[in-house]
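The residues making up each chain are set out below.
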Amino acid sequence: AQSVAQPEDQVNVAEGNPLTVKCTYSVSGNPYLFWYVQYPNRGLQFLLKYITGDNLVKGSYGFEAEFNKSQTSFHLKKPSALVSDSALYFCAVSFTGGGNKLTFGTGTQLKVEL
Amino acid sequence: EAGVVQSPRYKIIEKKQPVAFWCNPISGHNTLYWYLQNLGQGPELLIRYENEEAVDDSQLPKDRFSAERLKGVDSTLKIQPAELGDSAVYLCASSLGPGNTEAFFGQGTRLTVV
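Chains as they are written, first to last, in our numbering: chain A, 1 to 114; chain B, 1 to 114.
Looking at chain A on its own, in the form it has when it is part of the complex (with noise of 0.2 Å):
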């Protein structure tokens, strides 16, 4: 079995200061870990993922993301917040032994405020 919690709906913050979106996650094997990214209308957007190797990953528009094994936990940064980062974000889980199967979280709604 699988799940992805966010235990966040929406976070608000500042343009310019530093962003978190939680995401925890339960597998029973060793995870693999992607956050994407969804704007009004639009399909999901890959951001970045986590396979194996350092614990913090970077991706696109400057975004990176800490695993921590103990925590189980996947969580989305970035250290200069942007209005246009506004959206929805969502973390999903697969992992070893478990085939391809996807898992989503229920999602995170990020403002970003002037």
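Honestly, I wouldn't trust all of these hints.
[As the list claims (entries may be wrong)] Computed footprint of chain B on chain A; a stretch qualifies when at least three of its residues, placed anywhere within it, have a C-beta under 8 Å from a C-beta of chain B:
1) 42-49
2) 87-98
[Stated by the list, open to error] Pairs of lysine-lysine residues, derived as DSS-like cross-links and limited to a Cα-Cα distance of at most 27 Å, are as follows:
3) A:101 to B:78
4) B:62 to B:16
5) A:69 to A:101
6) A:101 to B:62
7) A:101 to A:22
8) B:62 to B:11
9) A:49 to A:22
10) A:101 to B:71
[Unchecked claim] Which chain B residues stay away from chain A? Per the calculated CB distances, all over 12 Å, these:
11) 18
12) 19
13) 52
14) 56
15) 63
16) 70
17) 73
18) 76
19) 79
20) 80
21) 83
22) 87
I should point out that these hints are in silico values taken from the structure, not numbers from a laboratory.
The beta carbon of each residue, even a glycine, is placed where N, CA and C say it ideally should be.
Using the hints provided, position chain B relative to the given structure of chain A.
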């Protein structure tokens, strides 16, 4: 390189009518997913194909939903008959195959059942 192509983008039908959605995945991608996304929610897997074989259809309401992926390339998802509660966005995605590779999404088909 062309992305995942879905059609139609929008569909409005009366309840009890049939409807079909089409998806053309990225060339060479063996894994194809159909997801359902309700407004403001995370995508929920309906069915996953590995080549032409449906390997995970446990969440597909088989009394009214059907899907096929002939020749392991294009795929169609059908609903017959449609119900009011089927109104949602239907997303198609594809990936190279292994669980550690990211999925690429189409723009989705927004279905409204009236």
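How the hints compare with the structure:
1. 42-49: holds (count 6)
2. 87-98: With 6 residues close enough to chain B, the hint holds.
3. A:101 to B:78: Status holds; Cα separation ~21 Å.
4. B:62 to B:16: holds, 16 Å
5. A:69 to A:101: holds, 20 Å
6. A:101 to B:62: holds, 19 Å
7. A:101 to A:22: holds, 21 Å
8. B:62 to B:11: holds, 21 Å
9. A:49 to A:22: holds, 15 Å
10. A:101 to B:71: Status holds; Cα separation ~21 Å.
11. 18: It holds; residue 18 of chain B is separated from chain A by about 24 Å at its closest Cβ, greater than 12 Å.
12. 19: holds, 19 Å
13. 52: holds, 15 Å
14. 56: violated, 6 Å
15. 63: holds, 23 Å
16. 70: holds, 20 Å
17. 73: Holds: least Cβ distance 17 Å, greater than 12 Å.
18. 76: holds, 18 Å
19. 79: It holds; residue 79 of chain B is separated from chain A by about 20 Å at its closest Cβ, greater than 12 Å.
20. 80: Correct as stated: the minimum Cβ-Cβ distance to chain A is 25 Å, above 12 Å.
21. 83: Holds, since 23 Å exceeds 12 Å.
22. 87: holds, 15 Å
The structure is inconsistent with hint 14 alone, although it conforms to all the rest.
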